[in-house]
Amino acid sequence: MNRFNKILIANRGEIAIRIMRACRELGIGTVAVYSEADKDALHVQFADEAILLGEAAPKESYLNADKLIRAALDSKADAIHPGYGFLSENASFAAAVESAKLTFIGPSADSIRAMGDKAESKIMMKKAGVPTVPGFEGLDSDDDFRKAAKEIGYPVLVKAAAGGGGKGMRVVNAESELTEAIESARSEALNSFGDERLLIEKYLVDAHHIEFQVFGDKHGNLIHLFERECSVQRRHQKIIEETPSILLTPNPSTGSGRDLREEMGQAAVNAAKAVNYFNAGTIEFIFDPKTSRYYFLEMNTRLQVEHPITELVAGIDLVQWQIKIAAGEKFPFTQTDFTQHGHAIECRVYAEDPSNGFLPSTGKLLQFIEPHGPGIRVDSGFAKDKEVTHFYDPLLAKLIVHAENREAAIQKMQIALRDFIVHGVITNIDFMQAVLAHDDFAQGKVTTRWVEQNLESTLESRSLLLENRQQAVGLHMIAAALADLTFASSNSQPAVSNETDPFSPWKHMNNYRN
Amino acid sequence: MKITFDTQTIEINSSGNEYLATLNEKTVSVKILRTENNRMDLLIDGKRVTAYVSSDGAKRWVTINGQTLMLTKISGAKRGVRHDHAGGLIAPMPGQVRSVAVSVGDVVKKSQTLLTMEAMKMEIRIQALKDGKVKAVHVTQGQTVEREQILIEMED
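Going down the list, the protein sequences come from chains S and A. Using the numbering used here, you'd call the opening residue of the first sequence number 1 and step up by one each time. Using the numbering used here, you'd call the opening residue of the second sequence number 1 and step up by one each time.
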């Protein structure tokens with residue numbers, strides 16, 4: 001077995017550190033890469049060695065395949081772990097890494113390519129007997145699309161075959177909107193992916209996003225590690241994830257006898273096997289709670305952001321196994337070796353402002369205190385005094401809790417979020433508290449459009465939760481005033497001016513920050 | 001001593017080994033039990049309160065019971081001054097100017113894209129709020145801007 005001596009981590013932030021921890025535990029050396037904007041970043045300090053890639057812009061640094069491979073060769077690393085995002089699902093990069101006689105810690109370039117095309121993968125899934133959303137691929141004329149839409153029934157979704165990240169995707173509610181939607185989706189697809197092929201399918205309203213972790217080795221062993229419920233999203237991006245999903249936990253009163261979890265898990269395994277998959281991957285399903293039907297959405301051919309909740313409930317270190325599998329080791333476990341223990345939830349702490357349309361917030365972290373305690377895990381990429389820049393993803397840290405059951409996990413998360421203190425950038429911590437406290441969340445009724453539909457009322461409900469808002473603001477003011485009195489006396493007087501503030505001072509008072 | 005945050009003024013007076021804080025004509029007694037690394041343990045009307053306070057220029061970030069507020073300290077002379085920037089288009093987020101589509105004197109239509117910005121993988125289009133003429137362009141391509149910075153001004 002060709003054990004690795006050194007691994008280059010082609011990523012930044014919390015995931016780079018997460019991977020370095022696994023390397024350290026396996027006795028493998030680590031090489032960090034960084035851009036000029038990240039020279040003081042935590043992941044650079046955490047690694048055994050660090051190599052500067054170039055300017056802050058991703059294409060000059062974390063997206064630059066040539067520089068990354070050169071860095072790996074120069075530092076005598078044996079393998080590259082891509083993390084998530086950046087080049088993790090780029091088949092050409094995976095192939096280039098292997099051509100350079102390095103190991104790509106992930107699936108084969110062929111698997112990535114096969115799952116990267118939405119139309120091709122859908123055809124493949126149908127062949128493998130995996131349920132897909134009713135629809136058509138390979139259509140060309142507007143007339144064909146019109147006929148197809150009629151057969152499927154509105155609302156329908158047209159989306160780019162080469163797509164991803166919500167680009168080149170349009171919801172069409174009626175035939176009158178169809179032609180325009182096709183045109184705009186086509187031009188966006190062409191601009192973003194250089195490929196104007198579209199597919200059309202049923203648009204499922206009020207659906208849940210439930211995904212299955214799969215894991216396999218290079219010797220043909222492949223199993224699933226249960227589901228993750230990821231329906232709390234904004235702009236198609238996940239905010240809160242949990243496992244198990246209460247929708248898959250059999251309800252004795254319905255007595256249908258169907259074991260949905262087992263069924264979907266098997267479908268996920270079939271989907272992954274259809275592309276000869278190895279290493280960690282995720283099969284995403286759309287789940288319709290009204291019919292309890294599920295449909296293949298896409299496969300993410302990499303480690304997911306939310307992998308920790310699976311690690312806690314299934315009792316396995318996915319990143320360590322990714323590395324061992326990449327080195328050729330056999331995965332020694334079978335499906336029956338795993339059961340779900342307790343309940344895990346992850347909250348993504350983002351530097352963004354929910355009351356300003358979830359737009360990013362940047363700045364120096366004046367305070368960054370992470371919560372601790374039994375069953376609390378923080379995968380973080382930041383610390384006090386670090387700078388949050390506008391160049392990269394707004395994820396500051398992932399707060400993950402594990403408890404005996406869902407109720408206990410929610411409660412643990414609420415307490416842990418209270419103890420997570422971030423000053424200097426606006427975060428979504430308070431918004432996540434509002435979601436966790438909401439009845440819809442307690443009852444498992446949060447669909448992928450829920451945040452969009454309930455944002456205003458959720459923000460309001462949060463302020464109402466404070467028994468007396470005025471009193472709460474008062475407490476904050478007392479603390480701020482006393483801090484000025486006591487700290488300022490030893491310091492020079494802080495610069496007091498609102499000249500640079502182009503807004504009326506009235507703006508901030510009613511605006512709940514965080 | 002009086003301190004104004006945003007729209008409200010709080011008055012703090014020391015009284016023996018404690019303080020009296022008056023806000024909205026209500027006075028409470030406050031005792032500082034401990035201060036350490038921007039953390040304060042207070043006794044407010046006999047109730048224990050832990051507060052974390054950070055300051056950055058005029059901004060005060062305060063967390064109590066998991067709730068974080070950003071307050072802005074207003075200096076006496078500047079109090080109540082309204083900054084009028086009618087016709088000015090401001091940056092809704094910090095980031096980088098990706099492209100500027102107009103120059104001074106250009107006549108633009110409502111909803112026309114004047115400028116695009118990028119931050120954290122997100123692209124935002126700054127569009128004209130109404131038909132009009134560009135009076136000033138304050139930024140150039142590639143420039144980094146702060147949130148609420150004025151980007152473009154329109155003639156009335």
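FYI, nobody ran anything at the bench for these hints, they're computed from the structure. Heads up, some of the hints might be wrong.
Within a straight-line C-alpha distance of at most 30 Å, the following computed DSBU-like cross-link-like pairs (lysine-lysine) qualify [said to hold, decoys possible]: (1) A:K26 with A:K2; (2) S:K386 with A:K2; (3) A:K59 with S:K384; (4) S:K127 with S:K39; (5) A:K121 with S:K202; (6) A:K26 with S:K59; (7) S:K127 with S:K101; (8) S:K167 with A:K130.
Restraint ranges, calculated between C-beta atoms of paired labels, are given here [claimed, not checked]: (9) A:E123 with S:S457: 43 to 49 Å; (10) A:V107 with S:N454: 53 to 59 Å; (11) A:E123 with S:A408: 38 to 44 Å; (12) A:S99 with S:E183: 32 to 38 Å.
Don't be surprised by glycine CBs; every beta carbon is placed ideally from N, CA and C.
Results of checking the hints against the structure:
no. : hint                           : result
1   : A:K26 with A:K2                : 14 Å, holds
2   : S:K386 with A:K2               : 33 Å, violated
3   : A:K59 with S:K384              : 17 Å, holds
4   : S:K127 with S:K39              : 48 Å, violated
5   : A:K121 with S:K202             : 29 Å, holds
6   : A:K26 with S:K59               : 57 Å, violated
7   : S:K127 with S:K101             : 34 Å, violated
8   : S:K167 with A:K130             : 28 Å, holds
9   : A:E123 with S:S457: 43 to 49 Å : 29 Å, violated
10  : A:V107 with S:N454: 53 to 59 Å : 41 Å, violated
11  : A:E123 with S:A408: 38 to 44 Å : 41 Å, holds
12  : A:S99 with S:E183: 32 to 38 Å  : 23 Å, violated
When held up to the earlier numbered hints, the structure conflicts with 2, 4, 6, 7, 9, 10 and 12 and fits the remainder.
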